[in-house]
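Start from the sequences and build out the full structure, keeping to the hints where you can.
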Amino acid sequence: MEPAWVALGLSLKVALWATAIDLLLGVAAGYALARGRFPGRELVDSLLLLPMVLPPTVLGYYLLIVIGRRGWLGAWLERSFGINLIFTWQGAVIAAAIVAFPFVCKSARAAFENVDMQYEQAARVLGLSSVAVFFRITLPLAWRGILAGVLLAFARALGEFGATLMVAGSIPGKTQTLSIAVYEAVQAGQDDLANGLVLLTSVTCVAVLLLAGRLAPSRIPGRS
Amino acid sequence: MTLSRILRSVLAAAALSTAGALALAADLTVSAAASLTNAFKEIGTGFEAANPDTKVQFNFGASGALLQQIAKGAPVDVFASADQETMQQAEQQQLVRPGARVNFVSNSLVVVVPQDAAAVPKTLADLNTPAIKKVAIGVPASVPVGRYTKAVLEKARLWPAIEAKMIGAQSVRQALDYVARGEVDAGFVYRTDAAIMPDKVKIAFVVPTDTPVVYPIAPVAAGSNPAAAQKFVSYVMSPAGQAVLAKYGFGKP
Amino acid sequence: MTAAKWEVSVYKSLASGGHRFELDVAFSSNATRLVLFGPSGAGKSLTLKAMAGLLRPDRGRVALAGDALFDSQAGIDVPARDRHLGYLFQEYALFPHLTVRQNVAFGLDKGLRNPRRRVASAPVERWLETLELAALGDRYPDELSGGQRQRTALARTLAAEPRALLLDEPFAALDAPLRVKLRDELRELQARLALPMLLITHDEADIEAFADEVVYLDAGLRCDGPPSTHRPEDDMKTSARNQLSGTVSAVKTGAVNDEIEIALPGGQRIVSVVTHESAASLGLVVGAAAFALVKASSVVVATDLGTVRVSARNQLSGTVSRIQPGTVNTEVVIDIGGGASVAAIVTRESAVSLGLAAGALATALFKASSVIVGVPR
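Chains as they are written, first to last, in my numbering: chain A, 1 to 224; chain B, 1 to 253; chain C, 1 to 377.
Keep in mind that the hints are not guaranteed to be accurate.
Pulled a few chain A residues facing chain B out of the computed Cβ check, cut under 8 Å [stated by the list, open to error]: (1) Gly-68; (2) Arg-69; (3) Arg-70; (4) Ile-86; (5) Phe-87; (6) Gly-169; (7) Ser-170; (8) Ile-171; (9) Glu-184; (10) Val-186; (11) Gln-187; (12) Ala-188; (13) Gly-189.
Think of the hints as simulated: they come from the structure by calculation, not from any bench. Bear in mind the structure is a predicted one, so any value in this text is a computation, not a measurement. Where is the CB? At the ideal position from N, CA and C, for every residue including glycine.
Here's what the structure looks like:
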């Protein structure tokens, strides 16, 4: 069952990296959307949520066009840094990050909007800078909602298939995540392997959910 | 009164829209190897013209994947594979009608490179140079072109070296796509595939194979329309069908 | 001339959901304890927020003791965090994820991290002591009563050593007995700290308790003019606890002054004396709507006048509806019918010796010269 463990390790690596990226970008975007007042805000919101509604293969195709060797971003990356993202685990991370981003962004926006501005105002009057207010008041009061989004994003990234396959291909040990491994095993008629991989994926997901349950604090401080 | 009329119209519309999903008596589902995509689509049109009461649906993919679908009960009537081995497996699993299998075309294995490639390999050994960093090869477990490639490379004792650079493709058309996009430096496809995209890929050299690349076709045993299935196979073998295949670069069986 | 303690003039046009609201407030005062009075929706909170830097006026100026915090013409807009003002929110805005101690200690460290649960800080402990919160230091806001929350909010504000206190209806969320108690406490605290204080409220009792000076607000508007200017038609600043509205029923023109009689709904009448000029400029003619303003401390309470004759022209009888004992004085409210009532301040001893209790018959007495007449804008 060697290939199965390799695929699992790869899936976890890709999903963790993608989720970490989404945490940073999603929280930032969620905050900007929740607190910002600028023209076209809702349009930006819709655009950022697009990966959630577009079919993964469509996303994968767009990505391929952009970061492929002939794409405008990919060509520039190759010219300037010699980096090629196609068929690499980094490419898989990008595909998974894009696909899972809306989960964090949407949850973060809702969570921030639920934080009563009075708390932020009180903190400001007490002498805190905007950054301090964010880290001491806004984020602590919003983090549970954000966490929910992060977990969904992780699960989505873990199961990502369509876009990843297009962008990163299926290279055992490098980009063949669990989902892709299952697909190939089925195509090749290797049912035993497929069953084993599916079981492994299910156990992993359950473990993630249990771990998430542990992370939630035992004390819920007052209403927001 | 009006409500029941509306209800009846809705039901009729629903029935019509699901008609496509149901295998009605005059419908045929053909699963064919990816390399047959263009040729078979044209053959399908011709077949429907000759048999107005039959509609043909195609399902293209890697032969190995198609086999798995049939094995798991997909409602397919005809199966056309890109190599003998897959059809062999189909016969072993009693998925196709015994004795009804027939070879209908042949093809050749080629190495293609992107149209603007600087390094153009001339032999298999040339693939083993640093200039060639990535090579698209169909996944041997399920894609016939990959199996042909592996056999050829193993014979040339180059398989371990090239496998290290291999980018696995789920079908021959995906391998072709990788080359067309320039994501790989070279790829193994059929000559007929290379002909599809002359502006994006060019043939570097033809690869002689020990096993001739001959495609078999057979009606599926569990198919719901054996008469039409047999008619389709016959059509493929007929001068009309063969002419279309020749047009796309396939050779005689 | 030294700069005024409070110098506020803000203009802001707001639109929300199809409604437009114009805030146009200006006042300037040297009072240490200033009260902004007006009905709900008058724009008091907005004014306070503008002063604290939580709202940016379209134009105007906010200055404390000459120190400009906002000046649209000079291009000054000091951020809220640098204004060093204490702001008490109506709902207290206690941080729900921090304990009482952490809340109070909050403003002492302006860094990126919240004070620890076990924060050991002498000033913090002192404030907890002063506001009787020492035993509650480790509790969370949702475990506190209304009064405890208010005190925590106050401790938090004061611990940050503000130069002035801005209070947004600090007692609105509390029930009556608590209000009285906390009013007294706040008054003592403010006196002890000598902190300038601006309090906004729609409760008249707050005026009586705190105001050195009152500014009236209604529908976002307040008229201009320093406190010494009396222009009855547009400036109604009053510390009078009693504002009885009615209609002018008689005008008796005298040599220098006019005697104005105002009929109250409910039948009773009030007599006031105003100058000719005032009567003319206020447009006091029979049938005009008018207010009678009387300070509660000018009202004398009698329970049994019998055949006693008094020189006070105003004698309004009714029943005692409420008695509010304070630390030194007692507030007595007499219901005189027609929905009107008169409040009087008497000493505790008097209230006791008169046997004043709710439901008792009583008469409110005050001189005609104690009555100020005003007209609605």
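Check your understanding: Failing hints, ascending?
Key -> The structure conflicts with no hint, since it agrees with every one listed earlier.
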